[in-house]
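Colleague: Listed below are the residues making up each chain.
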Amino acid sequence: MAMNIKDIYKGLDIPADIFRDKVVKSIYAHAEETAKDVIIRENKRVDWDKKLDDFLTSPLTGFPVMLLLLGIIFWLTIAGANVPSGILSDLFFGIEDKLSALVLNAGLPAWFHGLFIQGAYRTLAWVVSVMLPPMAIFFPLFTLLEDLGYLPRVAFNLDRVFKACGTHGKQVLTMCMGFGCNAAGVISCRIIDSPREKLIAVLTNNFVPCNGRFPTLIAIAMIFMGGALVLEKSTMLATIAVIGMILIGITATLLVSLFLSKTLLRGIPSTFTLEIPPFRKPQVGKVIVRSIFDRTIFVLFRAMTVAAPAGIIIWLAANVYVGNTSILAAAAAFLDPFARAIGLDGFILMAFILGLPANEIVLPILIMAYLSTGAMVELDSIEEMGNLFLNHGWTWLTALCTMLFSLLHYPCGTTLLTIAKETKSIKWTLTAFLLPTTVAVLVCFCVAQTVRILGLV
Amino acid sequence: MGLTNQSSGINVLRERFNVKSNLEQPVIALAGNPNTGKSTVFNALTGLNQHTGNWPGKTVLQAQGTFSYKGVEYRLVDLPGTYSLLANSAEEEVARDFIYFGNPDVTVVVGDATCLERNLNLVYQIMEITPKWIFCLNLMDEAKRKKVYINIEKLSEKLGIPVIPTVARKEEGLTDLKEAIAGMVRGELTTRPRLVRYDREIEEALDYLVPRLSSVIGERYNLRWLALKLLDGDQQIINHLQAQFSN
Numbered sequence: 001m002a003m004n005i006k007d008i009y010k011g012l013d014i015p016a017d018i019f020r021d022k023v024v025k026s027i028y029a030h031a032e033e034t035a036k037d038v039i040i041r042e043n044k045r046v047d048w049d050k051k052l053d054d055f056l057t058s059p060l061t062g063f064p065v066m067l068l069l070l071g072i073i074f075w076l077t078i079a080g081a082n083v084p085s086g087i088l089s090d091l092f093f094g095i096e097d098k099l100s101a102l103v104l105n106a107g108l109p110a111w112f113h114g115l116f117i118q119g120a121y122r123t124l125a126w127v128v129s130v131m132l133p134p135m136a137i138f139f140p141l142f143t144l145l146e147d148l149g150y151l152p153r154v155a156f157n158l159d160r161v162f163k164a165c166g167t168h169g170k171q172v173l174t175m176c177m178g179f180g181c182n183a184a185g186v187i188s189c190r191i192i193d194s195p196r197e198k199l200i201a202v203l204t205n206n207f208v209p210c211n212g213r214f215p216t217l218i219a220i221a222m223i224f225m226g227g228a229l230v231l232e233k234s235t236m237l238a239t240i241a242v243i244g245m246i247l248i249g250i251t252a253t254l255l256v257s258l259f260l261s262k263t264l265l266r267g268i269p270s271t272f273t274l275e276i277p278p279f280r281k282p283q284v285g286k287v288i289v290r291s292i293f294d295r296t297i298f299v300l301f302r303a304m305t306v307a308a309p310a311g312i313i314i315w316l317a318a319n320v321y322v323g324n325t326s327i328l329a330a331a332a333a334f335l336d337p338f339a340r341a342i343g344l345d346g347f348i349l350m351a352f353i354l355g356l357p358a359n360e361i362v363l364p365i366l367i368m369a370y371l372s373t374g375a376m377v378e379l380d381s382i383e384e385m386g387n388l389f390l391n392h393g394w395t396w397l398t399a400l401c402t403m404l405f406s407l408l409h410y411p412c413g414t415t416l417l418t419i420a421k422e423t424k425s426i427k428w429t430l431t432a433f434l435l436p437t438t439v440a441v442l443v444c445f446c447v448a449q450t451v452r453i454l455g456l457v
Numbered sequence: 001m002g003l004t005n006q007s008s009g010i011n012v013l014r015e016r017f018n019v020k021s022n023l024e025q026p027v028i029a030l031a032g033n034p035n036t037g038k039s040t041v042f043n044a045l046t047g048l049n050q051h052t053g054n055w056p057g058k059t060v061l062q063a064q065g066t067f068s069y070k071g072v073e074y075r076l077v078d079l080p081g082t083y084s085l086l087a088n089s090a091e092e093e094v095a096r097d098f099i100y101f102g103n104p105d106v107t108v109v110v111g112d113a114t115c116l117e118r119n120l121n122l123v124y125q126i127m128e129i130t131p132k133w134i135f136c137l138n139l140m141d142e143a144k145r146k147k148v149y150i151n152i153e154k155l156s157e158k159l160g161i162p163v164i165p166t167v168a169r170k171e172e173g174l175t176d177l178k179e180a181i182a183g184m185v186r187g188e189l190t191t192r193p194r195l196v197r198y199d200r201e202i203e204e205a206l207d208y209l210v211p212r213l214s215s216v217i218g219e220r221y222n223l224r225w226l227a228l229k230l231l232d233g234d235q236q237i238i239n240h241l242q243a244q245f246s247n
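If you read the protein sequences in the order shown, they are chains A and B. Just so we're aligned: 384 in this note's numbering is position 384 of the first sequence, and the numbers increase by one with no gaps anywhere. Just so we're aligned: 154 in this note's numbering is position 154 of the second sequence, and the numbers increase by one with no gaps anywhere.
Hints may be right or wrong, so weigh each one.
[As the list claims (entries may be wrong)] Listed below are the simulated DSSO-like cross-link pairs for lysine-lysine, each with C-alpha atoms no more than 27 Å apart in a straight line: (1) Lys-170(B) with Lys-25(A); (2) Lys-51(A) with Lys-144(B); (3) Lys-154(B) with Lys-36(A); (4) Lys-170(B) with Lys-144(B); (5) Lys-178(B) with Lys-50(A); (6) Lys-146(B) with Lys-22(A); (7) Lys-147(B) with Lys-51(A); (8) Lys-36(A) with Lys-144(B); (9) Lys-170(B) with Lys-50(A); (10) Lys-286(A) with Lys-170(B); (11) Lys-154(B) with Lys-51(A); (12) Lys-158(B) with Lys-286(A); (13) Lys-158(B) with Lys-281(A); (14) Lys-262(A) with Lys-144(B); (15) Lys-146(B) with Lys-36(A); (16) Lys-36(A) with Lys-147(B); (17) Lys-50(A) with Lys-158(B); (18) Lys-25(A) with Lys-154(B); (19) Lys-286(A) with Lys-154(B); (20) Lys-147(B) with Lys-281(A); (21) Lys-146(B) with Lys-281(A); (22) Lys-36(A) with Lys-158(B); (23) Lys-281(A) with Lys-178(B); (24) Lys-146(B) with Lys-286(A); (25) Lys-146(B) with Lys-51(A).
[What the hints assert, rightly or not] Far from chain B, some chain A residues (derived; all Cβ distances over 12 Å): (26) Phe-55; (27) Leu-91; (28) Leu-124; (29) Ala-164; (30) Gly-166; (31) Ile-191; (32) Ile-192; (33) Leu-237; (34) Ile-246; (35) Ser-326; (36) Leu-335; (37) Pro-337; (38) Lys-427; (39) Gly-455.
Calculated from the structure, these hints are not laboratory results. All residues carry an ideal CB built from backbone N, CA and C; glycine is no exception.
Working from the sequences, and respecting the hints, build out all of it.
Modeller: Next up, the structure:
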C-alpha cells in the first residue's frame with residue numbers, strides 16, 4: 001500500500017482555519033435550534049443566584065466576603081477544637097498511666113517501657129488529641145464551601161491579581177486543591193493548558209498549607225497567638241494568625257510567580273474562559289461523613305503510621321549515648337546555630353528534616369524530641385504542650401518562625417514525587433525543592449533578625 | 001464531596017490509564033461538559049468515591065470502576081470534562097482519543113439540563129464520532145428549580161438518540177440509565193443519530209474523501225469523522241494514520 005495519506009486530501013483547497021470556523025458555526029447553529037425546540041422556560045421573578053453572584057464576585061464586596069468566610073471557618077475550628085482536644089488528651093494520658101503501671105508491674109524492663117509507652121504510645125496520643133479535633137471541624141466546613149460552588153468564585157475574584165503576576169487565573173483552583181493535599185494540587189495543574197503557566201502553578205502550589213500542615217499551624221496558633229499562654233483566651237487572635245499565614249502563603253505564591261515569569265519562565269499570560277458553576281445545595285450529611293472518613297481519618301492514619309515508628313526512633317536517639325551526649329542532642333546541637341539564625345532551634349529544624357515524608361509528623365516528632373530530653377512534664381492538656389515548648393525556650397518569635405517555615409518550606413516527599421512525574425524533569429523537581437526552601441529560610445531569617453535587632457523579644 | 005483517598009496523597013501517583021477489562025466486560029465511557037455531575041453519576045453507578053466538587057476541571061485523572069446490572073458486569077471509565085472534542089487541550093485529546101480509538105461499547109454523555117444548548121455543542125461532536133451513545137440529562141431538579149422544562153421525547157427524537165433524565169445525586173433515573181446501557185450493549189437499543197449537516201462545500205469534500213479513505217484503510221473506523229479531522233488539518237490524527245497505513 002504505497003499510498004500517502006496526505007495525497008488523499010491534497011486536492012481540497014479549504015484552508016484549515018476557515019474549515020474549522022464553518023464546522024463550529026454549523027454545530028452551534030444546530031445546538032441552538034435543537035435547544036430552542038425542546039425547552040420551555042417560565043418567566044422568573046427574581047434571579048437570586050445572580051444577585052448572590054454579583055455580591056460574591058463584585059470588586060467591592062468580593063474580597064471582604066472571602067476573608068470573612070475564611071475567618072468564620074477558622075474561628076469555628078479553633079474555638080471548637082479546644083475542648084475536645086483537652087478531653088482526648090485527658091483520656092489518652094489517663095490510659096498511659098494505667099499502661100505504665102501495667103507494664104512496670106509485669107516486671108518488663110525499663111527500656112521496654114521507654115520504647116513503647118514513652119516513645120510510640122505517647123507520640124500517637126499526641127497526634128490524635130492535637131490533630132483530630134481541628135481536622136474534624138475544618139475539613140467538613142471547607143468541603144461544604146467546595147460543594148456549594150464557592151471555589152470558582154474565589155478564582156474569579158483573584159484572577160486579575162494573578163494575571164498581573166503573569167500567570168493563569170486557573171492557578172487559584174489548583175491552589176484550592178492544594179488546601180487539601182499538595183500532591184493533588186500538583187496533579188490538578190493539568191487543567192492549565194499553557195506549559196509555562198502550568199509549571200509556575202506546580203512550583204508554587206506548596207505555598208498553600210495542606211491537610212498535613214493545617215493542624216500544625218492551628219495548634220501553634222492556638223497555643224501562642226491566642227489560647228493557652230495569654231491570660232485572656234483569645235480565639236480571635238489565633239484565627240487572625242492562621243488567616244495571616246494563608247495570606248502570606250498567597251502573597252508568596254504571587255511574588256514567586258511574578259519572579260518566575262520575569263526570569264526562568266518568561267511569557268505573557270494566556271487567556272481562558274472560566275465557567276462559574278451554579279450554586280448547588282450541598283449534601284450536608286454526606287459531606288460530613290465523607291470528609292471525616294476520607295480526609296480526617298486518612299490524614300490521621302498517615303500521621304499515626306509514620307509517627308509511631310518515628311516515636312521509637314526518637315526515643316532511641318535520645319537514649320543512645322555516644323560519649324556524654326545522646327545522638328538526638330548531638331544532632332540538634334549540630335543544627336542549632338543555623339536554626340537559631342532563622343528563629344528556630346535545632347530540634348525544630350530536625351523535626352522538619354525528619355518530617356520530609358509527611359508534614360503531619362513534624363509536630364509529633366518535635367514533641368517527642370523535647371519530651372525525651374528529660375524535661376518531663378505531665379502532659380494533660382494543650383496548655384501543657386505550650387508549657388513544654390516554653391520550657392525549651394520558645395517565644396512568640398519561635399512560634400511565628402516555625403509557622404512561617406512550615407508554610408513556606410519544601411513540599412513533602414509525596415508531592416516531590418508527583419512533581420517529578422508531572423514535569424518529567426529532575427531539574428524542575430529540584431527547583432520545586434530549593435525554591436520554597438530558599439524562600440522559607442530567607443523569610444524566617446529576616447523576620448528573626450529584624451525582631452531581635454528591634455529588641456521585641 | 002471533597003478530596004478522597006483516591007485523589008490525594010500517594011494515590012495520585014497511581015494512574016490507571018489502561019483500561020483493564022475482561023473480553024466479556026462491556027466498556028462504558030462517561031463524557032460530558034465540565035461540572036455536569038459526571039463524577040456524581042460515576043460514583044452513583046459504581047459505588048466508588050471519586051472526588052466530586054462543584055467546579056469545572058476537577059476530574060483530571062481518568063477514573064475507572066465497575067457496576068453490575070442484571071447479572072452483567074460493566075466497566076465504567078470517567079473521562080475528563082470538556083466543552084468540545086476539537087482537541088484544543090490535553091483533556092480534550094484524552095476524551096476524544098478514548099471515544100474514537102478506545103471504541104467503548106457505549107458512550108454516556110452527561111449533560112446539564114439547566115444549560116442544554118451549551119451541552120448540545122459537545123453532543124453534536126460526539127455524535128460525529130460514534131453512534132453508540134446515550135444522552136444522560138442530569139441535574140433535572142435544578143432545571144426544575146430554575147423553571148426550565150425540557151421536552152425529553154422531542155429531544156430524543158431530534159437527536160435520534162435515547163435521552164435519559166436523571167438527578168444523579170438523589171440517584172433518580174439511574175435504573176433507566178442502566179437499562180438503556182444494557183439494551184445498547186445487547187444490541188436491542190439502536191440509534192439513528194441525526195448528524196449535523198455542514199456547508200455544501202464541506203459536505204462535498206466529505207463525499208469526495210470518504211470513499212478514498214475507505215479504499216486505503218477499510219471500514220474499520222468512522223470515516224466521516226476521520227475525513228473531518230483531515231480537513232481540519234489535525235496533525236496528530238494525520239501522523240497517526242500516516243504511521244499506521246502508509247507504505
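Colleague: Between Lys-178(B) and Lys-50(A), is the straight-line Cα distance small enough, at 27 Å or below?
Modeller: violated (35 Å)
Colleague: For the pair supplied as a hint, Lys-146(B) and Lys-286(A), confirm whether the alpha-carbon distance does not exceed 27 Å.
Modeller: Distance of about 24 Å is within 27 Å: holds.
Colleague: Would you check whether the claim that Ile-191(A) is not at the interface survives, using Cβ distances to chain B and the 12 Å cut-off?
Modeller: It is violated; Ile-191(A) is separated from chain B by about 4 Å at its closest Cβ, not greater than 12 Å.
Colleague: Per the stated criterion, does the least C-beta distance between Ala-164(A) and chain B lie above 12 Å, as a non-interface residue requires?
Modeller: holds (22 Å)
Colleague: Given the hint that Lys-25(A) pairs with Lys-154(B), does the C-alpha gap stay at or below 27 Å?
Modeller: holds (23 Å)
Colleague: Are all beta-carbon distances from Gly-166(A) to chain B longer than 12 Å?
Modeller: The assertion about Gly-166(A) holds, with a minimum of 20 Å to chain B.
Colleague: Are Lys-36(A) and Lys-158(B) close enough, with their CA atoms no more than 27 Å apart?
Modeller: holds (12 Å)
Colleague: Just double-check Ser-326(A) for me: nearest Cβ-Cβ distance to chain B has to come out over 12 Å.
Modeller: Per Cβ check, Ser-326(A) is outside 12 Å of chain B; nearest 33 Å; holds.
Colleague: Mind checking the alpha carbons of Lys-154(B) and Lys-36(A) for me, to see if they're no more than 27 Å apart?
Modeller: Distance of about 11 Å is within 27 Å: holds.
Colleague: Does Lys-25(A) sit within 27 Å of Lys-170(B), going by the straight-line distance between their CA atoms?
Modeller: Measuring from Cα to Cα gives roughly 36 Å; hence the hint is violated.
Colleague: Non-interface claim for Leu-237(A): all C-beta distances to chain B beyond 12 Å?
Modeller: holds (29 Å)
Colleague: Hey, is Ile-246(A) genuinely clear of chain B, shortest beta carbon separation above 12 Å?
Modeller: holds (18 Å)
Of the numbered hints given earlier, the model fails hints 1, 5, 6, 11, 12, 13, 14, 17, 19, 31, 32; all others are met.
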